[in-house]
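K.L.:
Line by line, the protein sequences give chains A and B.
Residues in the first sequence are numbered consecutively from 1, following this note's numbering.
Residues in the second sequence are numbered consecutively from 1, following this note's numbering.
Among the hints, a few may not be true.
Which copy is meant is left open, so a pair is good if it fits within one copy or across any two.
What the hints assert, rightly or not - No farther apart than 35 Å at their CA atoms in a straight line, the calculated lysine-lysine pairs in the DSBU-like style are these: (1) Lys48 to Lys103; (2) Lys81 to Lys106; (3) Lys163 to Lys185; (4) Lys101 to Lys48; (5) Lys185 to Lys81.
Hints in this document: simulated from the structure, not taken from any laboratory.
Below, each chain spelled out in residue letters.
2 protein chains.
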Amino acid sequence: MELLKNKILSSGKVLGEKVLKVDSFLNHQIDVELFNEIGKEFRRRFEKKHITKILTIEASGIGIACITAQYFNVPVVFAKKHEGSNMDKETYESEVFSFTKDKSYKIKVSKKYIDSKDKVLIIDDFLANGNAAAGLIDIVTQANAEVSGVGIVIEKGFQDGRKIIEDKKIQLESLAIIKSMDEGKIIFEN
Amino acid sequence: MELLKNKILSSGKVLGEKVLKVDSFLNHQIDVELFNEIGKEFRRRFEKKHITKILTIEASGIGIACITAQYFNVPVVFAKKHEGSNMDKETYESEVFSFTKDKSYKIKVSKKYIDSKDKVLIIDDFLANGNAAAGLIDIVTQANAEVSGVGIVIEKGFQDGRKIIEDKKIQLESLAIIKSMDEGKIIFEN
């Protein structure tokens, strides 16, 4: 997606070899107009999948998921990392290991909000090692629902996320795939 | 806003005297169609304010803020409760006391994303004691920007939030104001 790649080149900042800072438009300040174009592109790529629900994870997935959901006319569910005071007792849970924080955390979704008839599109801002996506796939699988696809805004193509998802025979669509960020220079795949 | 009040009556659950569970459409599963109506209503109520930015707080404010921002054509910024690995060093910070969790937490916004020319609309899902809103107002004030208004989806009218905001002479618009929830029965103001 050219618009997104141009935005990454003009506004992203490479910190070290693996960290791409895109907080001016993606995960702290949000460029809602760009999100709409992202939503339309996800729609185009998954339009034959009869999606019934979009699943994401708090916090930075929520904005993308909500804007995208408008193009599918479906509700969003976001998995919780941080337990609220009034979360349902009956939840699907999965364990996600975060390399950035070097520890595991639990994600939870109330059993009420995914059922076996759902065709779920998983949306997230980043794909790196694929652990968050794998946790969300695990939750959909526990609900006996179908994972119809995974839509990612920025994939770090030099990490292992893609393999984890494709090994499960799930359609993965990343709108920008970064091949390398050596010496601060962002190179995209194709 | 009648549509919202009807949704609260049909789908909300009162837990105890002070907790209203609305996770089927507001803060776990998200009814994006309803959020669009909420966004339009915020636009109607603040349309004369020349808003340049919408500020909210992770996680459940983000969806409402993003959908609403479409009607103002402005970016969203969400204050972070949980520090990411690549947050700017230069931030505005405020301390928020959570009654539900009986402890304080810090919220942070990078100094890059609010400047003194901004006219900021603060959006959140709930107003209860007003501590989160006060923290966001504090951050906008630190940036020497203008708080043009506070837009809330559900206000617990029996708690003190409104007074805190109105004492600062800020326009507060809550789309549903709950007067009482005694014995599980939700009564709205007007």
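K.L.:
Indicate, hint by hint, whether the structure satisfies it.
P.N.:
Now for the hints, and whether the structure bears them out:
{"no.": "1", "hint": "Lys48 to Lys103", "in the structure": "neither (38 Å within a copy, 47 Å between copies)"}
{"no.": "2", "hint": "Lys81 to Lys106", "in the structure": "both (6 Å within a copy, 18 Å between copies)"}
{"no.": "3", "hint": "Lys163 to Lys185", "in the structure": "within (24 Å within a copy, 51 Å between copies)"}
{"no.": "4", "hint": "Lys101 to Lys48", "in the structure": "neither (37 Å within a copy, 44 Å between copies)"}
{"no.": "5", "hint": "Lys185 to Lys81", "in the structure": "both (33 Å within a copy, 31 Å between copies)"}
Of the numbered hints stated above, those contradicted by the structure are hints 1 and 4, listed in ascending order.
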